[in-house]
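Undergrad: Listed below, chain by chain, are the residues.
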Amino acid sequence: ESIAKQQAGNKGVGVDVELTTAINIDNETFLERNFTLTERTYCLSRPDPQASFAGRWSAKEAVFKALSSYDDVVQSKGAAAPLSDIEVVVSTTGAPEVVLHGDAKAAAYAAGIKGVTVSISHSGAYSVAVALAQ
Amino acid sequence: ESIAKQQAGNKGVGVDVELTTAINIDNETFLERNFTLTERTYCLSRPDPQASFAGRWSAKEAVFKALSSYDDVVQSKGAAAPLSDIEVVVSTTGAPEVVLHGDAKAAAYAAGIKGVTVSISHSGAYSVAVALAQ
Amino acid sequence: ESIAKQQAGNKGVGVDVELTTAINIDNETFLERNFTLTERTYCLSRPDPQASFAGRWSAKEAVFKALSSYDDVVQSKGAAAPLSDIEVVVSTTGAPEVVLHGDAKAAAYAAGIKGVTVSISHSGAYSVAVALAQ
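Chains as they are written, first to last, in our numbering: chain A, 78 to 211; chain B, 78 to 211; chain C, 78 to 211.
For the record, the hints were derived by calculation from the structure and aren't laboratory data. Since this is a predicted model, take the numbers as computed values, not measurements. One should not assume that every hint holds.
Since the list gives no way to pick one copy over another, a pair counts as held whenever it fits inside one copy or between any two copies.
Unchecked claim - The calculated lysine to any residue pairs, modelled on SDA-like cross-linking and capped at a C-alpha distance of 25 Å, are:
#1 Lys182 - Thr113
#2 Lys191 - Ile102
#3 Lys191 - Phe107
#4 Lys191 - Pro159
#5 Lys191 - Asp125
#6 Lys182 - Phe107
#7 Lys182 - Thr106
#8 Lys191 - Pro126
#9 Lys182 - Pro126
#10 Lys182 - Asp103
#11 Lys191 - Leu108
#12 Lys191 - Ser168
#13 Lys191 - Asn101
#14 Lys191 - Ser161
#15 Lys182 - Thr169
#16 Lys182 - Thr118
#17 Lys182 - Gln127
#18 Lys191 - Thr98
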């Protein structure tokens, strides 16, 4: 990422849509590989855990796509980072916040990305998330 | 919002998906509380009023989420603003435009937000909107 | 587009959702009018051509909406550009990339738009795309 590109405010965008039923929350191996303990505890405490896991899954995928629009992230190990390296926490205001760990964090830092924001929505059978890397 | 943050081009993003059938357009109290007279007149003039109201509802929710990613908005009365304070009008080019009123406008101004853009789409049973606060 | 607006990092956003079944891939005239030869070859080589065409269609519409949020684009011939002028190619990393041609390219250049990024997602019966013009 050149200084010129950073000054131009270059951004990466990612979107993800998921059928809620596509997430199998009875598969503990799947949940443990892709969600942090904090995320699992949160989703399991919600009125509809499957919808919560689907929303977080959408958010992780959207963030992954937003990061992957930076060549520097893709060329590093960032593109092979496990989804648990992209953590979605709940801020004090109730909005979702992205916390990067491990290779995803290192790759984003190396690419000059200052932050990633995400928004999640559910309705009917679907979850949708949009992420912005900036 | 610090000068440094503004120069970094920090943005807030919001997404919302809605089942068209989730909007009850026979509930006049609901419509009057959440939509301006201009919005109601416009939606009722469209070929499919329910889809139009659902799209505008999605847009308002997406804008609300985009604004709520700024701490300064949440800590002010902005987060408690009624959805009718987030008006979606039709520009001369046919694209949706956001006009903020009341507490939503004051909170956005105080947070250093210069503008909010939104896009709306419908297909099948759903409406989706994405908003960007900048 | 004034210098001030460019420095403020003003962005345009577009979203589009499509029912996969809304795209008739047996209509060759429709495909040839809206998709480049490269796009058609790519989509037809995929496991689910209809879903691929629907995803690209969503992406083109999302880009069109993102560009149309700039007055300068709408006032020029950019708003009347055929969708085949908005080409979605696959980058070396597998992510979608936008290449503008003809009137769409000229209009974006004249409006000071430096680039357009897009993200596409499929699930169940729908495709969703989000585009960012910057």
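Undergrad: Reference check for the pair Lys191 and Pro159, CA-CA at most 25 Å: within, between, both, or neither?
TA: Within. Shortest intra-copy distance 20 Å satisfies the 25 Å Cα cut-off; inter-copy 32 Å does not.
Undergrad: Have a look at Lys182 and Asp103 and pick one of within, between, both or neither, based on CA distance no larger than 25 Å.
TA: Classified as neither; 29 Å inside a copy, 45 Å across copies.
Undergrad: Could you place Lys182 and Gln127 in one of the four classes (within, between, both, neither) given a Cα distance threshold of 25 Å?
TA: neither (27 Å within a copy, 36 Å between copies)
Undergrad: Quick one: Lys191 to Pro126, C-alpha cut-off 25 Å, is that within a copy, between copies, both, or neither?
TA: neither (31 Å within a copy, 37 Å between copies)
Undergrad: Is the C-alpha distance from Lys191 to Ser168 at most 25 Å within one copy, between copies, in both cases, or in neither?
TA: Intra 18 Å, inter 24 Å, cutoff 25 Å: intra and inter.
Undergrad: Between copies, within a copy, both or neither: which fits Lys182 and Thr169 at Cα up to 25 Å?
TA: For Lys182 and Thr169, both the intra-copy (22 Å) and inter-copy (22 Å) Cα distances are at most 25 Å.
Undergrad: From the Cα coordinates, with 25 Å as the cut-off, is the pair Lys191 and Leu108 best called within, between, both, or neither?
TA: neither (28 Å within a copy, 40 Å between copies)
Undergrad: How would you classify Lys191 and Asn101 at a CA-CA limit of 25 Å: within, between, both, or neither?
TA: The answer is neither: 33 Å in one copy and 42 Å across copies each exceed 25 Å.
Undergrad: What label fits Lys182 with Thr106 when the C-alpha limit is 25 Å: within, between, both, or neither?
TA: Within one copy, since 24 Å is at most 25 Å while 47 Å is not.
Undergrad: Checking an output row: Lys182 and Pro126, CA cutoff 25 Å. Within, between, both or neither?
TA: The answer is neither: 27 Å in one copy and 35 Å across copies each exceed 25 Å.
Undergrad: Should Lys182 paired with Phe107 be assigned to within, between, both, or neither, using CA atoms and 25 Å as the limit?
TA: within (22 Å within a copy, 44 Å between copies)
Undergrad: Is it within a copy, between copies, both, or neither that the alpha carbon of Lys191 lies no farther than 25 Å from that of Ile102?
TA: Neither: 33 Å inside a copy, 42 Å across copies.
When held up to the earlier numbered hints, the structure conflicts with 2, 3, 5, 8, 9, 10, 11, 13, 17 and 18 and fits the remainder.
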